[in-house]
Amino acid sequence: MRRPARSAIAIALIVICGILEIAYSQNGKPAAATKAVQVKLPLKDGSLRFAVIGDTGSGAKEQQQLAEVMLRYRQAFPFEFVLMMGDNLYGGESASDYKVKFEDVYKPLLDAKVKFYATLGNHDESNQRFYDHFNMNGNEYYSFKKDKVAFYSLNSNYMDPKQVKWIEDELSKGDAEWKICFFHHPPYSSGKKHGSDEQLREVIEPILIKHGVDVVFTGHEHFYERIKPQKGIHYFISGAGGKLRPGDVKVSSLTAKSFDKDLHFMLVEIVDDQLHFQVITRTGAIIDEGVLTTRENMIKADTK
Amino acid sequence: MKKSLINSVLSIIGIVAFCIVLTPRLSAAQDAASPEQQKVIAAFTDRVKEYVKLREKIEEAMPNLSKEAKPEEIEAHKKAFQEKVRTARTGAKPGDLFTPDITRHIRATIKGAFKGKDLKELRETVLEAETKGVPVRVNYPYPPSKETVEMPPTLLLVLPELPKQMRYRYVGHQLLLVDRENGLIVDYMLDALP
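Chains as they are written, first to last, in our numbering: chain A, 87 to 390; chain B, 35 to 228.
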């Protein structure tokens, strides 16, 4: 090859590297991670604000990058707590796993007193229920209430008759305006690897319907999917907070919206009888947004 | 439409769905449990309780694990608990809890309750999990680095109920009895997946 040609190639390479350097900053963040924050939620005084993440515990740099985007969003949208959809720690449960795969990643949020409410996934040991930052208070399944919103965390790894009775009792005595359940395995899913958990659905769905549950958040599938309302219940899969299974969604008649190309988290704001949501990726892109109403209002609208 | 009316309609839908879907499976389990088999189940339950009594005694003598524990405390508690139970159960062997009569009953119950599509789903759920490399050995810990199989609720409805400290867990075709806190494999049975 002649010298001018070699020089031209060298210059071209330098230019390409420069572009890549700009696109992928020195600490390995994707360029778009610095994209401007775009909150498309009402930010109404007195509203309930929280985030949703799932299948986070990889400890990989991508999980860290998503956490940084979450932090930036929190400055504009001060969410009070985070719901975790399980698989909180992959590959081990030693003290260092807790540190590397959770505490280090979400340190700024923990420092800002953001509470995390965890549920157990198939990669989680039961002993996580004792961990102070997971706020499970020693229970594999538990509930808590924020204003007029009741949250129920279930252990879908082991839905034995005791737990079935517990959720029946809890839901029946609740007078909350919103009833939100969260657990790991999705009763409805368009995932190629796992798909809908029909055995769980067989047992749990009649109870959710009977007691007027409005929304269900799950994980397990390493992507995002919003399911079309099923028997009056809104289902979300948010299972790509630390692991991604690219191309795993086989869009089906269940799918209202899906995304399997990057990690994501959800932001949720509840204002009276409306639940607003926004889904954001590691690069800061908004992949879904919308507003839902309570199950009761949805049925009212349908029967008009 | 009034709220009470909506709630009534929802309740009826829920109850009907529950009955249609689950009654056949529950009936199958009940049919399977003849008076003789009920004795077998009761004896199994007693053996499980005996283990629970032992591990409770050990745990009570240990420092309490706080409900707001640090990771170091959780790890230390589990390790110490494992060691003490392993020592107390030196000589424990397969079949101590899963005796031949209860294993026959469990196999028959699963076979009776899961057929066709249900059996296919059960097998998919159980065999999908990455459990390769889990040492299926009594008095050994289930490795925390390994995935656990979601136990289908429809299966838990028909198996003999366990105390809260104990769990059924599949590894391939084998059904394990695992202590949920210390992670030890208390016993296991073979060929538990039709």
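Hint data in this document are derived by calculation from the structure and do not stem from the laboratory.
Don't be surprised by glycine CBs; every beta carbon is placed ideally from N, CA and C.
Incorrect hints may appear among the rest.
[Stated by the list, open to error] The list that follows gives simulated cross-link-like pairs (lysine-lysine, BS3-like), each with its CA atoms no further than 25 Å apart:
no., chain 1, residue 1, chain 2, residue 2
1, A, LYS278, A, LYS343
2, A, LYS185, B, LYS151
3, B, LYS104, A, LYS336
[As the list claims (entries may be wrong)] Derived DEER-like restraints, expressed as beta-carbon distance ranges:
no., chain 1, residue 1, chain 2, residue 2, range
4, B, PRO169, A, VAL123, 43 to 51 Å
5, A, ALA162, B, THR121, 35 to 43 Å
6, A, ASP358, B, ASP80, 53 to 61 Å
7, A, SER258, B, PRO69, 30 to 38 Å
8, B, LEU161, A, PRO128, 28 to 36 Å
9, B, LYS104, A, GLY177, 52 to 60 Å
10, B, GLU162, A, PRO164, 52 to 60 Å
11, A, LYS193, B, ASP80, 22 to 30 Å
12, A, SER339, B, ASP80, 25 to 33 Å
Comparing the hints with the structure gives:
no., hint, verdict
1, A:LYS278 - A:LYS343, "holds (16 Å)"
2, A:LYS185 - B:LYS151, "violated (43 Å)"
3, B:LYS104 - A:LYS336, "violated (41 Å)"
4, B:PRO169 - A:VAL123: 43 to 51 Å, "holds (49 Å)"
5, A:ALA162 - B:THR121: 35 to 43 Å, "violated (56 Å)"
6, A:ASP358 - B:ASP80: 53 to 61 Å, "holds (54 Å)"
7, A:SER258 - B:PRO69: 30 to 38 Å, "holds (34 Å)"
8, B:LEU161 - A:PRO128: 28 to 36 Å, "violated (46 Å)"
9, B:LYS104 - A:GLY177: 52 to 60 Å, "violated (20 Å)"
10, B:GLU162 - A:PRO164: 52 to 60 Å, "violated (40 Å)"
11, A:LYS193 - B:ASP80: 22 to 30 Å, "violated (49 Å)"
12, A:SER339 - B:ASP80: 25 to 33 Å, "violated (50 Å)"
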